[in-house]
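Assemble the complex: chain A is given as a structure, and chain B must be docked to it using the hints.
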Amino acid sequence: GAGVSQTPSNKVTEKGKYVELRCDPISGHTALYWYRQSLGQGPEFLIYFQGTGAADDSGLPNDRFFAVRPEGSVSTLKIQRTERGDSAVYLCASSLTILEEQFFGPGTRLTVL
Amino acid sequence: AQSVTQLDSHVSVSEGTPVLLRCNYSSSYSPSLFWYVQHPNKGLQLLLKYTSAATLVKGINGFEAEFKKSETSFHLTKPSAHMSDAAEYFCVVSDPTGGSYIPTFGRGTSLIVHP
Numbered sequence: 001g002a003g004v005s006q007t008p009s010n011k012v013t014e015k016g017k018y019v020e021l022r023c024d025p026i027s028g029h030t031a032l033y034w035y036r037q038s039l040g041q042g043p044e045f046l047i048y049f050q051g052t053g054a055a056d057d058s059g060l061p062n063d064r065f066f067a068v069r070p071e072g073s074v075s076t077l078k079i080q081r082t083e084r085g086d087s088a089v090y091l092c093a094s095s096l097t098i099l100e101e102q103f104f105g106p107g108t109r110l111t112v113l
Numbered sequence: 001a002q003s004v005t006q007l008d009s010h011v012s013v014s015e016g017t018p019v020l021l022r023c024n025y026s027s028s029y030s031p032s033l034f035w036y037v038q039h040p041n042k043g044l045q046l047l048l049k050y051t052s053a054a055t056l057v058k059g060i061n062g063f064e065a066e067f068k069k070s071e072t073s074f075h076l077t078k079p080s081a082h083m084s085d086a087a088e089y090f091c092v093v094s095d096p097t098g099g100s101y102i103p104t105f106g107r108g109t110s111l112i113v114h115p
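Order-wise, the sequence lines are chains A and B. Number 51 in the working numbering belongs to position 51 of the first sequence; there are no gaps in the numbering. Number 100 in the working numbering belongs to position 100 of the second sequence; there are no gaps in the numbering.
If you're looking for bench data, these hints aren't it; they were derived computationally from the structure.
Pairs of lysine to any residue residues, derived as SDA-like cross-links and limited to a Cα-Cα distance of at most 20 Å, are as follows:
{"no.": "1", "chain 1": "B", "residue 1": "K49", "chain 2": "A", "residue 2": "A31"}
{"no.": "2", "chain 1": "B", "residue 1": "K42", "chain 2": "A", "residue 2": "S95"}
{"no.": "3", "chain 1": "B", "residue 1": "K58", "chain 2": "A", "residue 2": "E101"}
{"no.": "4", "chain 1": "B", "residue 1": "K42", "chain 2": "A", "residue 2": "S9"}
{"no.": "5", "chain 1": "B", "residue 1": "K42", "chain 2": "A", "residue 2": "T111"}
{"no.": "6", "chain 1": "B", "residue 1": "K42", "chain 2": "B", "residue 2": "G59"}
{"no.": "7", "chain 1": "B", "residue 1": "K42", "chain 2": "A", "residue 2": "N10"}
{"no.": "8", "chain 1": "B", "residue 1": "K49", "chain 2": "A", "residue 2": "L96"}
{"no.": "9", "chain 1": "B", "residue 1": "K42", "chain 2": "A", "residue 2": "I26"}
{"no.": "10", "chain 1": "B", "residue 1": "K42", "chain 2": "A", "residue 2": "P8"}
{"no.": "11", "chain 1": "A", "residue 1": "K11", "chain 2": "B", "residue 2": "N41"}
{"no.": "12", "chain 1": "B", "residue 1": "K42", "chain 2": "A", "residue 2": "Q41"}
{"no.": "13", "chain 1": "B", "residue 1": "K42", "chain 2": "A", "residue 2": "E44"}
{"no.": "14", "chain 1": "A", "residue 1": "K15", "chain 2": "A", "residue 2": "R64"}
{"no.": "15", "chain 1": "A", "residue 1": "K11", "chain 2": "B", "residue 2": "G43"}
{"no.": "16", "chain 1": "B", "residue 1": "K42", "chain 2": "A", "residue 2": "S38"}
{"no.": "17", "chain 1": "B", "residue 1": "K42", "chain 2": "A", "residue 2": "R109"}
{"no.": "18", "chain 1": "B", "residue 1": "K42", "chain 2": "A", "residue 2": "A2"}
{"no.": "19", "chain 1": "B", "residue 1": "K58", "chain 2": "A", "residue 2": "F103"}
{"no.": "20", "chain 1": "B", "residue 1": "K49", "chain 2": "A", "residue 2": "E101"}
{"no.": "21", "chain 1": "B", "residue 1": "K49", "chain 2": "A", "residue 2": "T97"}
Isolated chain A, as found in the complex (with noise of 0.2 Å):
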């Protein structure tokens, strides 16, 4: 069956744009996390979503990010005036509720130049 995907795999963008990151969760999943992971490090939690509301958003680094899930489905991720900082690999994971098992989606490979 169909996993949880992310668009791009890839982005390249230059210092000061603005970046969207897509997540296409499993269906019928009403938690949805986003996180960051840094080379060498563990994802870093950034914000969480149950049904269409942002349960939890204290992850995110500051107000230049911003993640929407306006009908409890798709999620976009969104980045304001990158910074070079913010290169990393932003990873998607949704599961059935907030208790159960997490799936991962092969997650954004982010680069600001």
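Here is chain B on its own, set in the frame of chain A:
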């Protein structure tokens, strides 16, 4: 507050020998603990999870882990390594009883398997 420490950044074993990947955690409540594996250019995959049932948890691909509350440990083991086990392994803790559904990942342990 919750945290997790993976004691080894790299573990190197020969094919057919036992694997031990160490993980210690800190949690204020009754934690849920997980091990995930990440193969190169592939998504993270759940190996096994502990959620306050049996303390010895069996996972996929012959891996298992034992929850030891007195030692605050959740080490991952496998009796006999296979070349395909070479990957990055992450220990994860969350505290749902404390109202937090945010998983905290360790820094990862790279498992190297020699022929």
